[in-house]
Amino acid sequence: MPHTQDAHGPSDSGEALAAIARRAAAGDHAAFDTLFRRIGPAVRRMLVGRTRGNEHLADDLSQRTWAGLWQSFQTNAYDSSRSAITTYVYAIAYRTWLHSVRQSTSGIERETIRLGESDPVGLGPDLESSSDLASAIDAVRGALQGRENDLSDEDRDMLRAIAAGESDRAIAKRLGLAPSTVNARKQTAMGKLSRILARKGFRAEEAERGSPSGKQPTDPAAAIAHPGTRPSAKDTP
Amino acid sequence: MNDRQLHELLRMAAEVEEIEAHASSIAGQVSPWTNARRPNTLQRAVWGGLSVAAAIAIGAGTFITLRPAPLQPSAPGGDLAALPQPTVTEPVGADVPPPAAMAMTSQPATPGMLLAIYQDVLGAARCVQIWPLPMNPGESLADVARFDLLQPDDAMGGVSCATGPHRLLVVALAGPSSSLPDSDESAEALASCITSSRDMCSEAPSSYASAAAACVPPGVSVRVESTLVLR
Numbered sequence: 001m002p003h004t005q006d007a008h009g010p011s012d013s014g015e016a017l018a019a020i021a022r023r024a025a026a027g028d029h030a031a032f033d034t035l036f037r038r039i040g041p042a043v044r045r046m047l048v049g050r051t052r053g054n055e056h057l058a059d060d061l062s063q064r065t066w067a068g069l070w071q072s073f074q075t076n077a078y079d080s081s082r083s084a085i086t087t088y089v090y091a092i093a094y095r096t097w098l099h100s101v102r103q104s105t106s107g108i109e110r111e112t113i114r115l116g117e118s119d120p121v122g123l124g125p126d127l128e129s130s131s132d133l134a135s136a137i138d139a140v141r142g143a144l145q146g147r148e149n150d151l152s153d154e155d156r157d158m159l160r161a162i163a164a165g166e167s168d169r170a171i172a173k174r175l176g177l178a179p180s181t182v183n184a185r186k187q188t189a190m191g192k193l194s195r196i197l198a199r200k201g202f203r204a205e206e207a208e209r210g211s212p213s214g215k216q217p218t219d220p221a222a223a224i225a226h227p228g229t230r231p232s233a234k235d236t237p
Numbered sequence: 001m002n003d004r005q006l007h008e009l010l011r012m013a014a015e016v017e018e019i020e021a022h023a024s025s026i027a028g029q030v031s032p033w034t035n036a037r038r039p040n041t042l043q044r045a046v047w048g049g050l051s052v053a054a055a056i057a058i059g060a061g062t063f064i065t066l067r068p069a070p071l072q073p074s075a076p077g078g079d080l081a082a083l084p085q086p087t088v089t090e091p092v093g094a095d096v097p098p099p100a101a102m103a104m105t106s107q108p109a110t111p112g113m114l115l116a117i118y119q120d121v122l123g124a125a126r127c128v129q130i131w132p133l134p135m136n137p138g139e140s141l142a143d144v145a146r147f148d149l150l151q152p153d154d155a156m157g158g159v160s161c162a163t164g165p166h167r168l169l170v171v172a173l174a175g176p177s178s179s180l181p182d183s184d185e186s187a188e189a190l191a192s193c194i195t196s197s198r199d200m201c202s203e204a205p206s207s208y209a210s211a212a213a214a215c216v217p218p219g220v221s222v223r224v225e226s227t228l229v230l231r
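Chains as they are written, first to last, in my numbering: chain A, 1 to 237; chain B, 1 to 231.
The set of hints was computed from the structure by calculation and includes no laboratory data.
Each residue gets a CB set at the ideal place from its N, CA and C atoms; glycine is no exception.
It is possible that some hints are incorrect.
[To be verified] Some residues of chain A that are not near chain B, with every Cβ distance over 10 angstroms (derived):
| # | residue |
| --- | --- |
| 1 | Arg22 |
| 2 | Asn76 |
| 3 | Asp79 |
| 4 | Gly146 |
[To be verified] To give an idea of the chain A side of the interface with chain B (calculated C-beta under 10 angstroms), a few residues:
| # | residue |
| --- | --- |
| 5 | Gly40 |
| 6 | Pro41 |
| 7 | Arg45 |
| 8 | Arg50 |
| 9 | Gln63 |
| 10 | Ala84 |
| 11 | Ala143 |
| 12 | Leu144 |
| 13 | Lys186 |
Start from the sequences and build out the full structure, keeping to the hints where you can.
So, in structure tokens, the structure goes:
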């Protein structure tokens, strides 16, 4: 199971949240309630966005996320040395949302959705463990926060623009560059990020990055793999 | 790792940053739930005497009206005690209810009941409980406040059949008393019908509402609410 190089991952908005998470993980209901009040509203907002404004569904997924977090605490599936609690909760919420998308679509619909502009991307069975997904996300966060020397300021700016969903054209206009230059810089930054993730154990299978048309491999879920043990069966949901 | 997957990870990282920023911004604020008082629910005195315990935080609901449920006249010895008729007074400004409202208050109440289904993290029902749902004359399920439908959680007073944070799914039913379960056995049979016939591909409240709609007799309205119980 891959670990990020930073033993503690990005901070949890200061020590307080991490300390609260430790108490909650030890079975402290009041701490769990505090955790929910601190993180819950923003997680729900994320789910509202992911469900394209379906507030009922977002509420339902949010409930399952928090029940799942409690279950993770009870089974010791959360390891604070691997990911920040915020990232871990997010990973559970993301997987819960992805699960609902997969349940609600037939195979053909799912294929259509997968290729859609803003729809879920299969992250691979290994990253479908909340712990591993959270660890990968924290690795990306660490890179964006300048913890990796491989990335220049320009690379990080480019990656942040991608994360924000900014189009090549918009980036080009903002920076006064040609779109082709922006595209080249993006590819450079993405390549570096891919190598950083590979170093941390999230390695790519061959022949996928930078495919010209953005075409997916037949099964994108099989495109990510990393060495190490399989995700813990205890990792819920 | 292909570009789409990297894009998705970058987007996730950005979303986590937003969540952390929000968590930081509300740190130290007084919880909106810890000090909040629930609205007055005196009319639902059936719950009186039972402690309010849980911090009900978020919920989702689905309302289905199967068929128009005609209001049934009170049967002798029926389920609900007779309510006082409104006193007719001279019109005085805005305090006088419009004729339609007065007509509503003179109608008998539709019997109602709640099936409280306690689910584990995977959506499986751990246990089912049955609760009465007192309704006001002329009131439909759509008129009942959400927190009143979720009273089974409060009423449990911490003695729930589920331990730790869990989901509570409440299926509210309203209709002729002859169409509602009248014993523990018939209520459990209905709960079993609902949980077994729901769309197994979905744990959303809407799937329970659809299943309940297929399990109850004509004329019964169904509404489903769910909540996270943090205790």
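Are any of the numbered hints broken by this structure? If so, which, sorted upward?
none
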